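Undergrad: The lines below spell out each chain.
Number of protein chains: 4
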Amino acid sequence: MTYSIAILGASGYTGAELIRLIADHPDMTITALGANSKAGLSIAQVFPHLRHLTLPTLVTIDQIDFAKIDLCFCALPHKTSQEVIAKLPQDLKIVDLSADFRLRDPAAYEQWYGNPHAAIDHQAEAVYGLTEFYRDEITAARLVAGTGCNAATGQFMVRPLITAGVIDLDEIILDLKCAVSGAGRSLKENLLHAELSEGYHAYAVGGTHRHLGEFDQEFSAVAGRPVKVQFTPHLVPANRGILATGYVKGDAQAIHAALAACYASEPFIEVLPFGEAPSTRHVRGSNFCHIGVVADRLPGRAIVVGALDNLTKGSSGQALQNANLMLGIQETTGLMMAPLFP
Amino acid sequence: MTYSIAILGASGYTGAELIRLIADHPDMTITALGANSKAGLSIAQVFPHLRHLTLPTLVTIDQIDFAKIDLCFCALPHKTSQEVIAKLPQDLKIVDLSADFRLRDPAAYEQWYGNPHAAIDHQAEAVYGLTEFYRDEITAARLVAGTGCNAATGQFMVRPLITAGVIDLDEIILDLKCAVSGAGRSLKENLLHAELSEGYHAYAVGGTHRHLGEFDQEFSAVAGRPVKVQFTPHLVPANRGILATGYVKGDAQAIHAALAACYASEPFIEVLPFGEAPSTRHVRGSNFCHIGVVADRLPGRAIVVGALDNLTKGSSGQALQNANLMLGIQETTGLMMAPLFP
Amino acid sequence: MTYSIAILGASGYTGAELIRLIADHPDMTITALGANSKAGLSIAQVFPHLRHLTLPTLVTIDQIDFAKIDLCFCALPHKTSQEVIAKLPQDLKIVDLSADFRLRDPAAYEQWYGNPHAAIDHQAEAVYGLTEFYRDEITAARLVAGTGCNAATGQFMVRPLITAGVIDLDEIILDLKCAVSGAGRSLKENLLHAELSEGYHAYAVGGTHRHLGEFDQEFSAVAGRPVKVQFTPHLVPANRGILATGYVKGDAQAIHAALAACYASEPFIEVLPFGEAPSTRHVRGSNFCHIGVVADRLPGRAIVVGALDNLTKGSSGQALQNANLMLGIQETTGLMMAPLFP
Amino acid sequence: MTYSIAILGASGYTGAELIRLIADHPDMTITALGANSKAGLSIAQVFPHLRHLTLPTLVTIDQIDFAKIDLCFCALPHKTSQEVIAKLPQDLKIVDLSADFRLRDPAAYEQWYGNPHAAIDHQAEAVYGLTEFYRDEITAARLVAGTGCNAATGQFMVRPLITAGVIDLDEIILDLKCAVSGAGRSLKENLLHAELSEGYHAYAVGGTHRHLGEFDQEFSAVAGRPVKVQFTPHLVPANRGILATGYVKGDAQAIHAALAACYASEPFIEVLPFGEAPSTRHVRGSNFCHIGVVADRLPGRAIVVGALDNLTKGSSGQALQNANLMLGIQETTGLMMAPLFP
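Protein chains in written order, with the working numbering: chain A, 1 to 342; chain B, 1 to 342; chain C, 1 to 342; chain D, 1 to 342.
There may be inaccurate statements among the hints.
Just so you know, same-sequence chains aren't split out, so a pair can sit in one copy or run between any two.
[Stated by the list, open to error] Below are the DSS-like pairs computed for lysine-lysine, each with C-alpha atoms no more than 25 angstroms apart in a straight line:
(1) K38 with K79
(2) K38 with K188
(3) K93 with K249
(4) K68 with K93
(5) K228 with K93
(6) K38 with K87
(7) K93 with K188
(8) K188 with K87
(9) K87 with K249
(10) K249 with K228
(11) K87 with K68
(12) K38 with K68
(13) K228 with K87
(14) K79 with K93
(15) K249 with K38
Because the hints were derived from the structure by calculation, they are not lab data. Note that the structure is predicted; figures quoted are calculated from it, not measured.
Model the full assembly from the supplied sequences, consistent with the hints where possible.
TA: Next comes the structure, spelled out in structure tokens:
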């Protein structure tokens with residue numbers, strides 16, 4: 001059976017990445033592409049790299065007949081997403097890629113995003129989309145909230161360590177290096193090539209990045225007590241990739257063992273041999289996440305390094321993985337392509 | 001049926017690209033990976049981005065049992081390739097990615113490559129691997145010589161114009177901009193990031209680039225008279241991509257019509273609407289070639305611009321396309337993935 | 001004596017480059033920085049790389065007391081520039097970096113820029129700012145119109161060849177590769193890092209780039225008859241640099257000799273030994289222009305390649321060179337710094 | 001008075017950077033350029049970006065008449081440097097840029113570099129070249145050992161905090177991101193553009209980077225007790241720059257105050273306003289170091305971020321600063337140029 005798919009927000013980078021992935025998917029067909037600001041254009045006009053595909057013209061969201069849609073991806077900006085989803089059919093399966101339904105506590109949402117939540121009922125039913133840890137709930141869900149790309153990276157590295165009880169919960173530092181596509185296609189001065197190329201910097205320093213809301217929620221839930229990490233993202237001159245360097249206290253071999261055990265049968269998470277560290281260049285364009293563990297020279301301390309592609313495993317690949325589960329398709333379908341290197 | 005594939009030269013960039021493509025191919029299995037200098041290593045050690053794949057350990061070429069191989073890709077340096085191929089079984093289907101069997105005239109080979117040819121018998125049976133123009137010969141061939149990546153780009157742009165008789169054959173200029181992976185993984189000072197990033201330059205200026213041997217051979221054959229083009233390659237700070245800007249004399253509309261007609265049913269060659277020009281970012285990682293035609297403000301002159309990925313359509317993608325034909329597989333199998341953007 | 005300098009448009013890239021250069025200038029002091037949209041900010045807020053300098057706060061243009069200014073640089077957008085300059089004191093020395101006063105013929109201005117000229121009187125008195133060819137006029141000028149960065153590059157390569165009569169005037173092709181800072185600091189989708197990095201393309205193909213207005217004006221004036229070149233600019237993923245590849249018909253040795261003779265005593269134009277071609281990496285951040293000549297394999301054809309930094313020799317460095325002349329300062333003062341490599 | 005300068009190792013990146021800086025220096029003249037492997041070549045052949053300079057031809061070291069040299073920069077590989085310096089005149093002023101004389105304890109040298117020291121006498125007289133903290137000793141020194149570029153960055157951030165007693169000495173983490181020119185011009189696969197561009201990774205993870213020898217020596221000396229930090233360097237796709245993110249425990253305001261007080265009168269160290277973080281793009285090509293402090297959301301923790309150009313303040317700029325002191329020249333001479341942005 002072929003499922004009929006709609007993508008809202010098709011003119012952004014995560015929208016394009018969804019199209020790239022779904023175009024090769026044997027069990028899905030793209031039936032509708034929503035992009036209000038570019039309605040009426042063909043995909044070749046918005047994304048010339050997709051010009052070889054036969055796809056519907058971009059339309060406004062209200063032009064889409066959702067009765068014919070089996071599953072809808074929402075790749076809209078946060079805040080817009082909750083408003084749109086509130087108006088969609090209540091039985092439509094939805095994978096939301098925005099930040100709108102990630103935080104279960106409306107107060108936490110308001111704290112991190114600055115506005116009251118406008119679709120609290122839907123927030124209640126939303127399942128957090130970190131596939132490897134919410135697989136059953138996602139399979140049964142109507143609405144899945146895709147995780148932040150940074151939040152996914154850090155959780156892949158740290159969740160199993162909390163569960164296994166092998167690290168000090170009060171001494172977790174995540175120093176993260178993100179490529180520029182994570183900031184989307186928005187027109188901001190600091191995203192210009194002339195600003196970014198040959199330069200890099202820390203931003204949201206001191207614990208102000210919104211993905212901390214997800215870390216706090218998830219790590220605390222896993223630990224059964226409040227866990228607050230330190231998290232500093234950096235913007236580096238590359239298009240795709242997240243590399244997170246985690247500084248933790250615990251036995252490095254036990255840490256490696258906990259990760260290896262947790263991901264032993266996971267198709268997309270590769271735990272490297274002890275002592276090796278990953279690189280973004282080796283996951284680019286793929287749905288894989290590589291994790292390495294190295295013992296520090298200081299006893300009782302370890303470095304955990306994780307790498308993934310923010311647009312794929314960190315966003316649109318994760319979304320497709322979740323959609324596969326929701327539709328009863330083999331989870332890995334359309335997602336096993338090798339990374340693009342060089 | 002699943003065909004058994006060997007790749008010689010598996011530790012270079014075109015070797016890695018072959019593995020990336022064939023890993024997803026439904027009708028091929030990689031049975032042997034040859035890489036003399038890295039024999040004994042796993043693919044994960046040589047190319048960590050392929051670590052998720054179950055692949056044979058790298059071996060020396062003489063460790064491979066070619067009796068079990070249906071088709072062998074040779075991604076070896078030129079000169080080495082002819083020596084290796086001369087010793088392989090004489091009935092083994094081979095797609096060679098080196099320069100060794102591209103030039104039918106041994107004297108031309110010696111002129112451009114500086115050494116006498118060591119496998120002239122095989123050169124005689126080799127078919128030039130520009131799929132769209134040698135499809136029947138390739139289907140029947142035992143040994144196919146993959147084209148130069150620059151040579152492929154220029155031919156896609158110019159061959160139909162010669163055939164259609166719409167341009168002045170004595171006034172063809174190809175100004176080509178190539179990304180760095182075209183130079184391979186060799187350790188040369190001018191390929192260092194610190195040398196190349198933020199800098200670009202022309203090289204082999206004045207008609208000394210070896211791919212001119214292919215242009216001369218092919219354009220003259222098509223025209224039925226000697227055709228010699230001007231060709232200046234440039235190295236730009238990017239990893240993948242060739243963009244060639246062709247300056248020709250003729251009617252721009254007729255030129256566009258000739259290209260559109262020639263490629264109307266080709267799955268991988270996209271002729272853009274008249275007046276549009278392509279970009280390397282829109283073909284990266286794919287087997288597509290985009291071609292655009294624009295009329296110059298000077299009457300009777302036109303600009304033809306072609307773009308492709310040097311590692312895919314310019315090399316390993318082309319090789320797989322040819323292998324599909326040689327094995328009786330649907331030509332596009334394993335090659336329809338969308339480009340990676342951004 | 002120290003001259004008092006104002007810079008209008010101080011928050012753009014050419015403004016920042018002027019500040020960088022003048023900060024080290026022994027005979028100039030920056031007295032006023034105009035930037036209407038960022039008035040009230042310090043230079044450290046707008047350009048943190050200049051934070052070590054003691055500079056005036058940015059102000060609106062009408063807050064500047066021009067009576068105290070010896071020379072004013074206008075680094076404003078075209079069209080705005082002519083409106084601002086029309087209102088400045090009529091005896092104020094001005095170096096304009098915009099396109100507004102480059103074209104002597106108001107009809108040509110309107111043709112290329114799409115609007116009637118609003119300060120035709122000033123256009124009449126403006127001197128074209130290509131220093132090496134208008135040195136005497138610039139020394140005596142009140143208003144100098146900085147050239148286009150592409151236009152400067154092409155003219156350095158071709159003007160001496162027209163003067164010397166060594167090339168066919170009807171067969172000149174300039175294929176130019178420009179780095180992104182040439183497009184300024186404006187917020188456009190195609191200037192985003194995620195769009196541009198790892199991708200490159202031709203733009204304004206077919207003779208529609210505005211700098212052709214300058215080529216037409218200047219080459220025709222030098223030749224004493226209409227000369228129209230073909231010109232295709234390309235945008236490459238680098239921040240600074242222009243590399244232009246010129247295809248001309250003539251004797252390569254004569255062409256090299258004409259260039260060498262023309263620039264023998266020029267401090268900033270380096271003609272490379274015959275057969276060598278320049279690179280943008282070797283002029284970055286400097287006021288130098290490197291030019292090379294290579295004979296093509298086709299008799300009677302030559303390739304001329306020029307390289308300069310679009311922000312320095314192509315814009316702000318040229319502007320300072322002109323200002324030095326206008327103020328009676330040694331022409332090279334503040335401009336002899338070596339390029340930054342790597 | 002003009003001092004006569006020799007540069008040994010003139011064909012590497014730090015050698016080129018020394019030439020760039022000294023070419024503009026009013027009190028120094030380059031008299032000899034040593035580069036054994038490229039002896040006989042002109043500087044234009046080795047570094048075309050310096051072709052406008054009138055400089056001596058490269059020679060072997062034993063061709064240099066050191067009697068005429070006032071000060072010699074050694075920009076040679078470590079181990080080679082100690083062998084060469086042992087043979088130079090014993091009264092020659094030397095600034096060594098290698099790692100050979102940084103570690104005062106020969107056992108520590110052997111531990112980190114793997115070979116016994118071959119010039120222990122000279123090691124005894126060498127002064128550690130971190131100008132801002134060894135100014136008096138450097139002024140009086142004959143032999144100054146330039147610091148590691150990473151080591152300089154970390155020390156600028158942390159030394160004043162140890163002195164002021166405002167941080168926990170057992171909880172210092174330095175996560176450092178280095179551009180590729182720090183690895184020099186050597187031919188290694190991981191320095192190729194095709195490997196590095198669009199990819200980044202951690203290396204020497206777990207406390208194995210040699211610059212830890214300097215951190216251990218210096219931080220322990222300042223503290224008067226052993227201090228061992230955690231240090232993870234990362235290689236990012238840029239040519240110049242070091243950005244170090246320091247995680248420390250202490251009061252953020254006190255930390256900022258300690259840094260501000262320490263560097264209040266330093267010409268090259270800029271402490272940003274509290275709460276701001278620096279960027280490599282704002283120090284590129286300059287001798288400035290920018291340091292910012294931000295309070296973490298977790299009480300009692302702070303993030304200190306430092307940025308400098310590895311080739312300038314991290315290496316050749318520091319060397320010139322030290323040479324100025326050793327020759328009695330104003331310390332800032334030739335070093336006040338603004339950074340190059342964009």
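Undergrad: Evaluate each hint against the coordinates.
TA: Tested hints:
1. For the identical chains of this complex, K38 and K79 are intra-copy neighbours only, at 19 angstroms inside a copy versus 30 angstroms across copies, given an alpha-carbon limit of 25 angstroms.
2. In this homomeric assembly, K38 and K188 come within 25 angstroms of each other (Cα to Cα) both inside a single copy, at 19 angstroms, and across copies, at 16 angstroms.
3. Proximity of K93 to K249 under the C-alpha cut-off of 25 angstroms is found in neither arrangement, the shortest distances being 41 angstroms within a copy and 47 angstroms between copies.
4. In the homo-oligomer, the alpha carbons of K68 and K93 lie at most 25 angstroms apart inside one protomer (12 angstroms), although the nearest pairing across protomers, at 49 angstroms, exceeds that limit.
5. Taking the shortest alpha-carbon separations for K228 and K93, neither the intra-copy value of 33 angstroms nor the inter-copy value of 54 angstroms comes in at or below 25 angstroms.
6. Taking the shortest Cα distances, K38 and K87 sit within 25 angstroms of each other inside one copy (21 angstroms), while across copies they are farther apart (41 angstroms).
7. For the homomeric pair K93 and K188, neither the shortest alpha-carbon distance inside one copy (33 angstroms) nor that between copies (35 angstroms) is at most 25 angstroms.
8. In this homomeric assembly, K188 and K87 never come within 25 angstroms of each other (Cα to Cα): the closest approach is 30 angstroms inside a single copy and 32 angstroms across copies.
9. In this assembly of identical chains, K87 and K249 lie within 25 angstroms of each other by CA distance neither inside one copy nor across copies; the values are 47 angstroms within and 48 angstroms between.
10. In this assembly of identical chains, the alpha carbons of K249 and K228 lie at most 25 angstroms apart whether taken from the same copy (15 angstroms) or from different copies (15 angstroms).
11. Proximity of K87 and K68 under a CA criterion of 25 angstroms is satisfied intra-copy only: 16 angstroms inside one chain copy versus 60 angstroms between copies.
12. Only within a single protomer do K38 and K68 lie at most 25 angstroms apart by alpha-carbon distance; the minimum there is 22 angstroms, versus 51 angstroms between protomers.
13. Taking CA atoms no more than 25 angstroms apart as the test, K228 paired with K87 passes in neither setting, with 35 angstroms inside one copy and 58 angstroms between copies.
14. Only within a single protomer do K79 and K93 lie at most 25 angstroms apart by alpha-carbon distance; the minimum there is 19 angstroms, versus 53 angstroms between protomers.
15. Neither within a single protomer nor between protomers do K249 and K38 lie at most 25 angstroms apart by alpha-carbon distance, with minima of 50 angstroms and 37 angstroms respectively.
In this structure, the hints that do not hold are numbers 3, 5, 7, 8, 9, 13 and 15, in rising order.
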